[in-house]
Amino acid sequence: MLTTRRGSHSKTTTTCTLVVFSIGGQRLAARTEEVGGVWPWTNAMPVPSGTAFMNALVRRGEDVLPVFDLAAKLNVQVRGTTSLCLIAKRKDGPMAIRIDEEIPTLHAVEQTAIHRTTSAHDEAVEACLIETNEVPIYSFRG
Amino acid sequence: MTLEEAGSAEAVTALGVTYPLRDMAGCFGQPQVSFAPESRIILCTMGNLHKGFRVNEVLGLTDVGKERIRPLPPHFSGPERKWFTGLFLFRETVALLVNPGWLLGEETGPAQLSNLSATTVMALPSSHAVAAGKEPPTRPPVEVLELEEAPDADDTPWVPL
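If you read the protein sequences in the order shown, they are chains A and B.
Sequential numbering of the first sequence, starting at 39, is according to this note's numbering.
Sequential numbering of the second sequence, starting at 42, is according to this note's numbering.
With the rest of the complex left out, here is chain B:
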């Protein structure tokens, strides 16, 4: 979903679920995401936690096997160990795996939803959604990622963002 489609509301409602919006960079103490044409909002769900995150750009979706995931080097010893569960080689560079448990559980929780203004979006059969009252865009604006707990308790659940 583009930032324009989400509007200026503090939350987006899609498929009957309200996603409070937040700058992902802000979660890591980084400067806010600039409003650029390639900026997007990613809607994430884990259990009964739902949140949307503004990001600078979505580079694509990729399937990453467990064997490709490496731990964060031990040199990183601060809160980033909680933020990222690992990394993997992605194209010519490296991608970090955000810890969804931390990301979705951090700060704004479901209890605060009633205070947020929300832009409603409706579902498309393809599971993509568009902003209510607007023409469907030529490409799907929303990809809903369902996050699941790993069956092995030792494995932290993750999702490439």
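For reference, chain A alone in the conformation it holds in the complex:
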């Protein structure tokens, strides 16, 4: 077992790892435990649907995932010709989200740096200052 010897004045800090990605140039984040991976985007098959922003299926091998159109929800266009597919873990199963071609990055941040926000992003009730930007943290768990 690994142990850490702390001085009597040391403070315990918890860190959390975020995946930072962009959609339409907007920087967004999600906790790593809520992200199942990032794939190249492949053609999605449109599905006639009355569920808001859930309007396609994407296939990868034997797997078929529903597509959540976060870009449409944010009212932006995904940027780049080789966009990516972020797999978001939801309680009822994974779903695919098309994101910009910019490769997502991992950021370890202290829990104390995360604060609640009242931004316009429905699924983002928290935000974090990364570099100089306030980045909303999305939760797709549902």
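In case anyone wonders, no lab produced these hints; they're calculated from the structure.
Worth double-checking, as some hints may not be accurate.
Label-pair ranges, simulated between beta-carbon atoms [to be verified]:
| id | chain 1 | residue 1 | chain 2 | residue 2 | range |
| --- | --- | --- | --- | --- | --- |
| 1 | A | Q115 | B | N89 | 35 to 43 Å |
| 2 | B | R109 | A | T170 | 46 to 54 Å |
| 3 | B | G146 | A | G74 | 37 to 45 Å |
| 4 | B | L100 | A | Q115 | 38 to 46 Å |
| 5 | B | R132 | A | T89 | 24 to 32 Å |
| 6 | B | L100 | A | A151 | 49 to 57 Å |
| 7 | B | G88 | A | G99 | 33 to 41 Å |
| 8 | B | L130 | A | G75 | 16 to 24 Å |
| 9 | A | V76 | B | R122 | 44 to 52 Å |
| 10 | B | G106 | A | W77 | 22 to 30 Å |
| 11 | B | P115 | A | R98 | 13 to 21 Å |
Bear in mind the structure is a predicted one, so any value in this text is a computation, not a measurement.
Every residue, glycine too, gets a C-beta built ideally from N, C-alpha and C.
Chain B: place on chain A using the hints.
Relative to the frame of chain A, chain B by itself:
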């Protein structure tokens, strides 16, 4: 059947059965099917319900075993759960299974047939039909799919369209 063969009538009569025509895309609130060379009409029958649907293209016929059919992901929670009974892997992509009970029972029913103008088509021995008064085309224009109730009440009847 091509759209030209069906003509501009609101229904097609084949093998003595009249099929009211409808845009399949319209059933799902989608824009109308464009009139392209690959557009087709599919005639469907279930019990005493008969309808024809305009589609953008027929990609082919395939047999799908029950074990290959997957449910629609639970993320879809709207009327689409009524529209589609499931999905299956088809070639390099995915195909949705239309719920025939909903599709054929929806809106225009047999009671309204008398109001529709119909193009009559005649049957060929091969069960294919051609538009009356025209030369038989080089390929069968019509494939009549008979839909049956599944013997197991838990299984929703389906047909790949």
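Each hint tested on the structure:
1. In this structure the supplied range 35 to 43 Å is violated for A:Q115 paired with B:N89, their Cβ-Cβ distance being about 49 Å.
2. Distance hint check for B:R109 and A:T170: the Cβ-Cβ separation is about 52 Å, which falls inside the suggested range of 46 to 54 Å.
3. Taking the beta carbon of each, B:G146 and A:G74 are about 39 Å apart, inside 37 to 45 Å as hinted.
4. For the hinted restraint 38 to 46 Å between B:L100 and A:Q115, the CB-CB distance of approximately 30 Å leaves it violated.
5. Judged by the Cβ atoms, the range 24 to 32 Å given for B:R132 and A:T89 holds: they are separated by roughly 26 Å.
6. The hinted window of 49 to 57 Å between B:L100 and A:A151 holds, with their beta carbons roughly 52 Å apart.
7. Distance hint check for B:G88 and A:G99: the Cβ-Cβ separation is about 39 Å, which falls inside the suggested range of 33 to 41 Å.
8. Take B:L130 and A:G75: their Cβ atoms lie about 20 Å apart, and the range 16 to 24 Å holds.
9. Look at A:V76 against B:R122: about 29 Å separates their beta carbons, and that is not inside 44 to 52 Å.
10. One distance hint, 22 to 30 Å for the beta-carbon pair B:G106 and A:W77, holds here, with the actual separation near 28 Å.
11. The hinted window of 13 to 21 Å between B:P115 and A:R98 holds, with their beta carbons roughly 19 Å apart.
In this structure, the hints that do not hold are numbers 1, 4, 9, in rising order.
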